[in-house]
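Take these sequences, add in the hints, and give me the full structure.
So the chains spell out like this:
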Amino acid sequence: MEYISLLMFIAVCCVLLLGYPVALSLAGTALLFAGVGSLFDVFDLTFLGAFPSRIFGTINNQTLLAVPLFVFMGSMLERSKIAENLLNAMSLLFGRFNGGLAISVTLVGMLLAASTGIVGATVVTMGLLSLPTMLKRGYSPTFSSGLICATGTLGQIIPPSIALVLLGDVLSNAYQKAQLTLGIFNPKTVTVGDLFAGAVIPGMILVGFYLLYCIAMAVFKPQNVPRLSEEDIANISGEQSKIELMFTALFPPLLLMFIVLGSILFGFATPTEAAGVGAMGATLLAIGQKQLTLKNLTAVMQNTTKITSMVFLILIGANLFSLVFRGFGGEELIQGVFEQMPGGVIGATLVVMLVIFLLGFILDFIEITFVVVPIVAPILLAMGLDPIWLGIMIAINLQTSFLTPPFGFALFYLRGVADKAVRTTDIYRGVIPFIVMQLLLLITLAVWPELITWLPSFIYG
Amino acid sequence: MPKTDFRYRATSMVRFIDNFTEFIGKTISWLTLLMVVLTFIIVVMRYGFNFGSIAMQESVIYCHGLVFMLGAAYTLKANGHVRVDIFYQKFSKKNQALVNIFGGIFLLLPVCFFIFFISFGYVSTAWRILEKSPEAGGLPFVYLNKSYLLILAVTLSIQGAAEIGRHLLTLTDDDLEKEPQQNVEIK
Numbered sequence: 001m002e003y004i005s006l007l008m009f010i011a012v013c014c015v016l017l018l019g020y021p022v023a024l025s026l027a028g029t030a031l032l033f034a035g036v037g038s039l040f041d042v043f044d045l046t047f048l049g050a051f052p053s054r055i056f057g058t059i060n061n062q063t064l065l066a067v068p069l070f071v072f073m074g075s076m077l078e079r080s081k082i083a084e085n086l087l088n089a090m091s092l093l094f095g096r097f098n099g100g101l102a103i104s105v106t107l108v109g110m111l112l113a114a115s116t117g118i119v120g121a122t123v124v125t126m127g128l129l130s131l132p133t134m135l136k137r138g139y140s141p142t143f144s145s146g147l148i149c150a151t152g153t154l155g156q157i158i159p160p161s162i163a164l165v166l167l168g169d170v171l172s173n174a175y176q177k178a179q180l181t182l183g184i185f186n187p188k189t190v191t192v193g194d195l196f197a198g199a200v201i202p203g204m205i206l207v208g209f210y211l212l213y214c215i216a217m218a219v220f221k222p223q224n225v226p227r228l229s230e231e232d233i234a235n236i237s238g239e240q241s242k243i244e245l246m247f248t249a250l251f252p253p254l255l256l257m258f259i260v261l262g263s264i265l266f267g268f269a270t271p272t273e274a275a276g277v278g279a280m281g282a283t284l285l286a287i288g289q290k291q292l293t294l295k296n297l298t299a300v301m302q303n304t305t306k307i308t309s310m311v312f313l314i315l316i317g318a319n320l321f322s323l324v325f326r327g328f329g330g331e332e333l334i335q336g337v338f339e340q341m342p343g344g345v346i347g348a349t350l351v352v353m354l355v356i357f358l359l360g361f362i363l364d365f366i367e368i369t370f371v372v373v374p375i376v377a378p379i380l381l382a383m384g385l386d387p388i389w390l391g392i393m394i395a396i397n398l399q400t401s402f403l404t405p406p407f408g409f410a411l412f413y414l415r416g417v418a419d420k421a422v423r424t425t426d427i428y429r430g431v432i433p434f435i436v437m438q439l440l441l442l443i444t445l446a447v448w449p450e451l452i453t454w455l456p457s458f459i460y461g
Numbered sequence: 001m002p003k004t005d006f007r008y009r010a011t012s013m014v015r016f017i018d019n020f021t022e023f024i025g026k027t028i029s030w031l032t033l034l035m036v037v038l039t040f041i042i043v044v045m046r047y048g049f050n051f052g053s054i055a056m057q058e059s060v061i062y063c064h065g066l067v068f069m070l071g072a073a074y075t076l077k078a079n080g081h082v083r084v085d086i087f088y089q090k091f092s093k094k095n096q097a098l099v100n101i102f103g104g105i106f107l108l109l110p111v112c113f114f115i116f117f118i119s120f121g122y123v124s125t126a127w128r129i130l131e132k133s134p135e136a137g138g139l140p141f142v143y144l145n146k147s148y149l150l151i152l153a154v155t156l157s158i159q160g161a162a163e164i165g166r167h168l169l170t171l172t173d174d175d176l177e178k179e180p181q182q183n184v185e186i187k
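Read top to bottom, the protein sequences are chains A and B. At position 138 of the first sequence (counting the first as 1) the number is 138 in my numbering, and the numbers step up by one without a gap. At position 75 of the second sequence (counting the first as 1) the number is 75 in my numbering, and the numbers step up by one without a gap.
Just so you know, the hints here were simulated from the structure itself, not pulled from any lab data. The reader is advised that the hints may include incorrect statements.
Unchecked claim - Restricting the straight-line Cα-Cα distance to at most 30 Å, the calculated cross-link-like pairs of lysine-lysine (BS3-like) are: (1) Lys242(A) to Lys420(A); (2) Lys81(A) to Lys295(A); (3) Lys177(A) to Lys188(A); (4) Lys420(A) to Lys90(B); (5) Lys420(A) to Lys94(B); (6) Lys81(A) to Lys26(B); (7) Lys81(A) to Lys136(A); (8) Lys93(B) to Lys420(A); (9) Lys93(B) to Lys26(B); (10) Lys420(A) to Lys177(A); (11) Lys290(A) to Lys81(A); (12) Lys136(A) to Lys242(A); (13) Lys295(A) to Lys26(B); (14) Lys26(B) to Lys290(A); (15) Lys136(A) to Lys221(A); (16) Lys420(A) to Lys188(A); (17) Lys242(A) to Lys177(A); (18) Lys188(A) to Lys221(A).
This is the structure in structure tokens:
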């Protein structure tokens, strides 16, 4: 009986591979199984009665309200050329050194990724913005494409990432559930703020790794990462003096990011409020840079509408899917498997991480967060894992998955916008060092979980 | 001759629905700006003047829900709902059209009908009692908020039908090129 739930999971993966929109594939397949199941009397349709109130809960979820606001902020920063100017200002700052452009790309990519939180969008923007420049300056295609893919995926964990907002919402439900099954009726909570705080140190370590790699490249293979010529520098700065460029292009967006992130981390504002302030700030910046034309504004608004609809339709589809999955007894099945796992909680975590890594080849963060995490997280958390640690590990794990050839998402996106002169094998070879760094980080965090849990407990007590 | 006449009428029908969906999508996209402004005002009032308004917070939520419940059809039209495109992007135009036609008939339409029928009682109960917000000072329009469920089902199925029509037209197009599509679409 409960094996039907597994069959449904496999069936949905097959349907997804056909390429019909994910949200509708999830919901439609689940519906089909529910219908056939009820014909053969193995599925109780009353399970689905909870569906309207669950969607209604989604519509009125205060935490998820941060999603459109963050998307608005990211689109505005991208559309109003703030990212582009920031990259220029950074290259002026570091460009005179070997590897300086690489460092600028890492830092700007990090900021952009953090503000949009969507892997595809960041990789495409950075690919269009910086790949041609890097190649023109004589950077090696392998190194450049690897770096761009890797920084593009940083948006998964560098707060304020949308991925962490979604994950925070799902994990907080899972955590409540886990504690209730353990008989704790005064459950502790986990918030999006906790996850943001937990992601700070691992995120910094990872960016640190990337920067060290850039520097090592500059020291040992300077021919791969040459400095900018005086001519280039003059070209970039154009009319403006260097100081002027720093003040107009560099400080305002940095300040914005610090305000948004700082107000969440220090508990002044909820993520939703901070996102609203950030979106407003980005709009003011765009006005300041004289980029807020009607055309740009409507593009930002329409882009926000589309991305928000995309995310929430998946949430609705995944909701139906998990309802049917539960109706077939899938949860008990997975729980049973986990309990018999050799190695207890460590074994179960390893298996979950491996499954999520593999699913990352075909599914994006949003689907995995809404479909897989609600099923496995309550069980893992009831086995005693720390919810913040689990969330960050899942985020970094997926980030690595998006980067891994031949199926990683980031690679497809870069391939889509990269010049034909960059070979696919260049991209594949380029990301390998970054995958190694990420795996190192995962191992480090598994050995020293305090790197994740220390800051949240320090801030929120 | 009758075939071309039929094609012509079908094409203009699809175009009519497209325009309708596009109009709604572009109109509601202004709500995103409104949400940003309202949220900003809420924050300033709360931290600057120590004043909170439940009604204002709820209106942001109402906008938010309306954006994605009505925006879903617009996003479908703009091909903005993510697909797993590992194989899809390498399919010929004909196969892509087949995926969209079968997906529309067996996935999208049943899901929309399901959402409509399972939510109908839920929504009509809210209308019968003209349900108000449970919060003091909240908006008295919960029945409208709940109606989003039906609006989603209706608008998405209308655009879904147009998509099926569009891809049927592609499929029956005589000079359909068999070249596989290589470019990746993101936005």
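### Task
Quickly compare the C-alpha distance for Lys26(B) and Lys290(A) to 30 Å and report which way the hint goes.
At roughly 23 Å apart (the allowed maximum being 30 Å), Lys290(A) and Lys26(B) satisfy the hint.
### Task
Starting from Lys420(A), check that the Cα of Lys90(B) is at most 30 Å away, please.
holds, 18 Å
### Message
Check the hint pairing Lys420(A) with Lys94(B) against an upper bound of 30 Å on the C-alpha distance.
### Response
At roughly 27 Å apart (the allowed maximum being 30 Å), Lys94(B) and Lys420(A) satisfy the hint.
### Query
Are Lys81(A) and Lys295(A) close enough, with their CA atoms no more than 30 Å apart?
holds, 13 Å
### Query
Is the Cα-Cα distance between Lys93(B) and Lys26(B) 30 Å or less?
The given pair, whose Cα atoms are some 28 Å apart, holds under the 30 Å limit.
### Message
Given the hinted pair Lys295(A) and Lys26(B), is their Cα-Cα distance within 30 Å?
### Response
holds, 12 Å
### Query
Are Lys177(A) and Lys188(A) close enough, with their CA atoms no more than 30 Å apart?
Holds: Lys177(A) and Lys188(A) sit about 11 Å apart, inside 30 Å.
### Holds or violated: Lys188(A) to Lys221(A), with C-alpha atoms at most 30 Å apart
violated, 51 Å
### Message
For Lys81(A) and Lys136(A), compute the direct alpha-carbon distance and say whether it is at most 30 Å.
### Response
holds, 21 Å
### Query
Keeping to a limit of 30 Å between CA atoms, is the pair of Lys242(A) and Lys420(A) held or broken?
Violated: Lys242(A) and Lys420(A) sit about 34 Å apart, past 30 Å.
#### Entry: Proposed proximity, Lys242(A) with Lys136(A) (alpha carbon, max 30 Å)
holds, 22 Å
### Query
Holds or violated: are the alpha carbons of Lys420(A) and Lys188(A) at most 30 Å from each other?
violated, 53 Å
Against the hints set out earlier in the document, violations occur for numbers 1, 10, 16, 17, 18.
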